[in-house]
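**Q** Single-letter residue listing:
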Amino acid sequence: MRTLIKFENIVKEFDGTLVLKGINLEINENEFVTLLGPSGCGKTTLLRILGGFVDQTEGKIFFEDIEISNVPAYKREINTVFQKYALFPHMNVFENIAFGLHIKKQSKEIITQKVNKMLRLVGLDGYEDKVVTLLSGGQQQRVAIARALVNEPMVLLLDEPLGALDLKLRKEMQHELKKIQKEVGITFIYVTHDQEEALTMSDKIVVINNGEIQQIGTPIDIYNEPENRFVADFIGESNIIEGKMIEDYLVTFDEQNFECVDYGFDDDEAVDVVIRPEDIDIVTPEMGKLKGVIRSSIFKGVHYEMTIETPYRDFIVHTTDFSETSKEVGLHFFPEDIHVMYKMGTY
Amino acid sequence: MSTFRNLVKPYMLWMGIFIVIPMLLIIFYAFTSEGNSVITVKFTLDNFIKFFDSVYIKVLIKSLQIAFVTTIICIIVGYPISYVIANTSSKVQTLLMLLITIPMWINTLVKTYAWISVLSDNGIINSLLVKLGLAPISMMYTDFAVILGMVYNFLPFMILEIYTALAKMDKGLIDASSDLGANKVQTFQKVIFPLSLSGVISGITLVFLPSVSTFVIPKLLGGGQYMLIGNLIENQFITVGEWNFGSAISLIMAMIILISMYFTRKFDQDKVENGNKKEVKHA
Numbered sequence: 001m002r003t004l005i006k007f008e009n010i011v012k013e014f015d016g017t018l019v020l021k022g023i024n025l026e027i028n029e030n031e032f033v034t035l036l037g038p039s040g041c042g043k044t045t046l047l048r049i050l051g052g053f054v055d056q057t058e059g060k061i062f063f064e065d066i067e068i069s070n071v072p073a074y075k076r077e078i079n080t081v082f083q084k085y086a087l088f089p090h091m092n093v094f095e096n097i098a099f100g101l102h103i104k105k106q107s108k109e110i111i112t113q114k115v116n117k118m119l120r121l122v123g124l125d126g127y128e129d130k131v132v133t134l135l136s137g138g139q140q141q142r143v144a145i146a147r148a149l150v151n152e153p154m155v156l157l158l159d160e161p162l163g164a165l166d167l168k169l170r171k172e173m174q175h176e177l178k179k180i181q182k183e184v185g186i187t188f189i190y191v192t193h194d195q196e197e198a199l200t201m202s203d204k205i206v207v208i209n210n211g212e213i214q215q216i217g218t219p220i221d222i223y224n225e226p227e228n229r230f231v232a233d234f235i236g237e238s239n240i241i242e243g244k245m246i247e248d249y250l251v252t253f254d255e256q257n258f259e260c261v262d263y264g265f266d267d268d269e270a271v272d273v274v275i276r277p278e279d280i281d282i283v284t285p286e287m288g289k290l291k292g293v294i295r296s297s298i299f300k301g302v303h304y305e306m307t308i309e310t311p312y313r314d315f316i317v318h319t320t321d322f323s324e325t326s327k328e329v330g331l332h333f334f335p336e337d338i339h340v341m342y343k344m345g346t347y
Numbered sequence: 001m002s003t004f005r006n007l008v009k010p011y012m013l014w015m016g017i018f019i020v021i022p023m024l025l026i027i028f029y030a031f032t033s034e035g036n037s038v039i040t041v042k043f044t045l046d047n048f049i050k051f052f053d054s055v056y057i058k059v060l061i062k063s064l065q066i067a068f069v070t071t072i073i074c075i076i077v078g079y080p081i082s083y084v085i086a087n088t089s090s091k092v093q094t095l096l097m098l099l100i101t102i103p104m105w106i107n108t109l110v111k112t113y114a115w116i117s118v119l120s121d122n123g124i125i126n127s128l129l130v131k132l133g134l135a136p137i138s139m140m141y142t143d144f145a146v147i148l149g150m151v152y153n154f155l156p157f158m159i160l161e162i163y164t165a166l167a168k169m170d171k172g173l174i175d176a177s178s179d180l181g182a183n184k185v186q187t188f189q190k191v192i193f194p195l196s197l198s199g200v201i202s203g204i205t206l207v208f209l210p211s212v213s214t215f216v217i218p219k220l221l222g223g224g225q226y227m228l229i230g231n232l233i234e235n236q237f238i239t240v241g242e243w244n245f246g247s248a249i250s251l252i253m254a255m256i257i258l259i260s261m262y263f264t265r266k267f268d269q270d271k272v273e274n275g276n277k278k279e280v281k282h283a
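Read top to bottom, the protein sequences are chains U and L.
To convert, note that position 230 of the first sequence is 230 in the numbering used here; the numbers rise steadily by one, no gaps.
To convert, note that position 83 of the second sequence is 83 in the numbering used here; the numbers rise steadily by one, no gaps.
Among the hints, erroneous ones may be present.
To be verified - Quick list of simulated restraints, FRET-style, between CB atoms:
id	chain 1	residue 1	chain 2	residue 2	range
1	L	Pro194	U	Phe299	50 to 56 Å
2	L	Asn183	U	Gly40	31 to 37 Å
3	U	Lys168	L	Asn183	53 to 59 Å
4	L	Arg5	U	Lys117	56 to 62 Å
Calculated from the structure, these hints are not laboratory results.
Just so we're clear, the structure is a prediction, and the values are computed from it rather than from any experiment.
All residues carry an ideal CB built from backbone N, CA and C; glycine is no exception.
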């Protein structure tokens, strides 16, 4: 795949605080990329810099190998779906979607044709004359997507577009957005703080915290091989344990040695170890690698979330089997369920 | 609830005594002829017929013209000022809006007298011109002086209204417009200006209505011979003593104002209502 966008050492300062601390990132053609991080991590700022609404303090942006740092927003081949939709209240659905085409002075027939095609794509046929302010949140969202896509941009930026929708609608729209992206075949750059949303839709996830990229990878990489404590903690639930790498394929924590699949650390290097709650099996005390007592068990729908107290720490375990609380049990996990990570300096 | 409703009663009494009864009296006077006593009341339309004389019609047209020109100037001057203010930082905005509104705290009479000392034949401007060796210009008692006085007095209302419309506009819309390829001029034409129209329209109402009926400004800056509809009414009541005719002119004025308000309001609401109708059609 060809590189479409390249961020080179992007730094952004707002009133003396560093919001972005040197972002280097490449985005390919036809990719669904998600910028994921907690609020205030700088992900929206990065998106707004790419859209041309904010200037970076330092660094360069390349679009198809041409620097666009000084190109104003209206000249960039990028369109945006804004967080609060930003639909024009004095125009109806049709006029909103046709706005960009009108600006480009396209003919009436072409505009009508393209707008109708977009309305079909987002499932709003027959809504062209409606007043946008009277539409539901989900419908406004679709208009905003159509308004951006009708310009046939090479990149679509989406700034937490589903934040205002209820859970069911949000899930529906997640699948629909993914479908639309495949249909139009362009790059989507999606900003969200919702890890589940990111895992569902993305080809590539960029995890950002405190203005720095923490990890770039596919959803599976990010989930299964978190690079540090922050990523492990932010994506899904985890048991994060301080440990020590004795040698390749052998890690120690809670005064016990465990076989693992990780290597390449210094001998006796202090590390963080992640075990995902769903990777831990509850077995009889004799069979377990660790022993503990079930302190609580909460029904979550598909699974129970249990807190199991061991002499050193509480483990969170997800299991579909019911067990009584206060029962002594064993915890079992396989070597590949242990993920060893470098310690973070700052976290 | 009923206790709250009772709180309205003093206001209703106040409004009854000071607004409704005087209005009814004006209507009564307008439709009766002079010399009524408690027993004999003579209803007549003569007062209205009298108004449709070319002398009075000319005064009416002149008043509407002056008010119209004042309103247009207020829009042309007020819009750019409001636009600039709305685009400054919020601290500067507060300060500038305070400066704009401060003149509104001063009585119109005082402000108009101040203009006399600026514009009169030996006022500030002419003394300066003479000092520079130029010929003095006679500015008092002209349309120019009257319109200047009106613009000065009513401009803050226009600025306030337009500024409010611009300031409450979602800045995201401007981002969206430029995102969709519109440059600054196009964004202004297609997004900012149409969305600020409601402010312009309420500004027009707030400037046009007082301009059409003011009598202090034309009296002081236009001189004794200068006659606008407000002066005409004032004269009928105070100088001539024809309360019946004065009341009739007041009613005619009130009708004109009501009609013009109806049209400006209608123009403002048109878009929304059209949209609603379409909505119903589809649903």
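**Q** Against this structure, judge whether each hint is valid.
**A** Each hint tested on the structure:
| no. | hint | result |
| --- | --- | --- |
| 1 | L:Pro194 x U:Phe299: 50 to 56 Å | holds (55 Å) |
| 2 | L:Asn183 x U:Gly40: 31 to 37 Å | holds (32 Å) |
| 3 | U:Lys168 x L:Asn183: 53 to 59 Å | violated (41 Å) |
| 4 | L:Arg5 x U:Lys117: 56 to 62 Å | holds (57 Å) |
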